[in-house]
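Student: Spelled out, the chains give:
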Amino acid sequence: AQKVTQAQTEISVVEKEDVTLDCVYETRDTTYYLFWYKQPPSGELVFLIRRNSFDEQNEISGRYSWNFQKSTSSFNFTITASQVVDSAVYFCALSEALGKFYFGSGTKLNVKP
Amino acid sequence: DTGVSQNPRHKITKRGQNVTFRCDPISEHNRLYWYRQTLGQGPEFLTYFQNEAQLEKSRLLSDRFSAERPKGSFSTLEIQRTEQGDSAMYLCASSPTSGERNEQFFGPGTRLTVL
Chain A
230 AQKVTQAQTE ISVVEKEDVT LDCVYETRDT TYYLFWYKQP PSGELVFLIR RNSFDEQNEI
290 SGRYSWNFQK STSSFNFTIT ASQVVDSAVY FCALSEALGK FYFGSGTKLN VKP
Chain B
5 DTGVSQNPRH KITKRGQNVT FRCDPISEHN RLYWYRQTLG QGPEFLTYFQ NEAQLEKSRL
65 LSDRFSAERP KGSFSTLEIQ RTEQGDSAMY LCASSPTSGE RNEQFFGPGT RLTVL
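Same order as they appear, the protein sequences are chains A and B. Residue numbers in the first sequence follow the working numbering, run continuously in steps of one, and reach 342 at the last position. Residue numbers in the second sequence follow the working numbering, run continuously in steps of one, and reach 119 at the last position.
Calculated directly from the structure, the hints in this document are not laboratory data. Even for Gly, the Cβ is constructed at its ideal location relative to N, Cα and C. There's no promise every hint is true.
Okay, the calculated beta carbon distance ranges per label pair [to be verified]: (1) B:E87 with A:T309: 26 to 34 Å; (2) A:V242 with B:E82: 41 to 49 Å; (3) A:S282 with B:N34: 21 to 29 Å; (4) B:Q84 with A:E285: 23 to 31 Å.
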C-alpha cells in the first residue's frame, strides 16, 4: 500500500537559515509521482513540484531544491535562506499515474524574523 | 479567476442536518477529486471523477456521503444526517489528463462545523 511519512511535525528556524523537510514514501508501483505542496495560513494548497519515479535528477528553483533518492525512498525539500513568507505547512504526496494522492501529515515550518 | 472554486467557504450546521458543497474545477480539467482534511493532518482522499464518471470511492465515504458530477463540469458533495465527526475542511482539486501532467490544483476548501 502507498504511504507517505513526514516525521517532522514542526520546525522553527530563524530567517536566512537553510531548512530541509523530510519525506519518506512507500509504494509497490514502479511508476509513481511525488509532489510537494505548500499550505499557508490562508488554507489553500499550492503546488510546488512534481517528480516522476523514473527521473531522479535533483531540481532547483530559486531558493527551493528537491533531492529525490529512490534507494532510500525519500524526496526531501530544502529551502535556502528561509524567509518569513515561507512559514506554512508543507505536504509531501504520492500518486499513481492519474489517480488519487496520498498525503503525509505535513510539516509546519515557522520562520522567525 | 481560472482556479478551482468552492462554495460555500464556511458552513455551520446542526447535527442531523444535510449539507451540500459545490466545486467548480479548472475548465479544461477532466479529473475532479474530493478530499477531507482534519486539523493537523494531511488531506485524505474521498472520491474522484473522470468527466461525469465516478471512478473510485474511499472507504471513508460512508453511505451518508454522495458526490455527483452530472455534466462533467462542476461537482457536488452532499452529506446527509451530519455528525460531529464530519467537521473538517473539504477540499476539491482538479487535474488535466493530457500528457504527463497530473498535478492537482486545489480550491480554497469548504470548512464544515457540525454543532
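Student: Is it true that V242 (chain A) and E82 (chain B) lie within 41 to 49 Å of each other by Cβ?
Tutor: Cβ of V242 (chain A) to Cβ of E82 (chain B): about 43 Å, so the range 41 to 49 Å holds.
Student: Holds or violated: the 21 to 29 Å window for the beta-carbon distance between S282 (chain A) and N34 (chain B)?
Tutor: holds (23 Å)
Student: Return holds or violated for the Cβ distance of E87 (chain B) and T309 (chain A) against the range 26 to 34 Å.
Tutor: violated (45 Å)
Student: Against the range 23 to 31 Å, how does the distance between the Cβ atoms of Q84 (chain B) and E285 (chain A) compare: consistent or not?
Tutor: violated (47 Å)
Going down the numbered hints, you'll see the structure goes against 1, 4, while the others check out.
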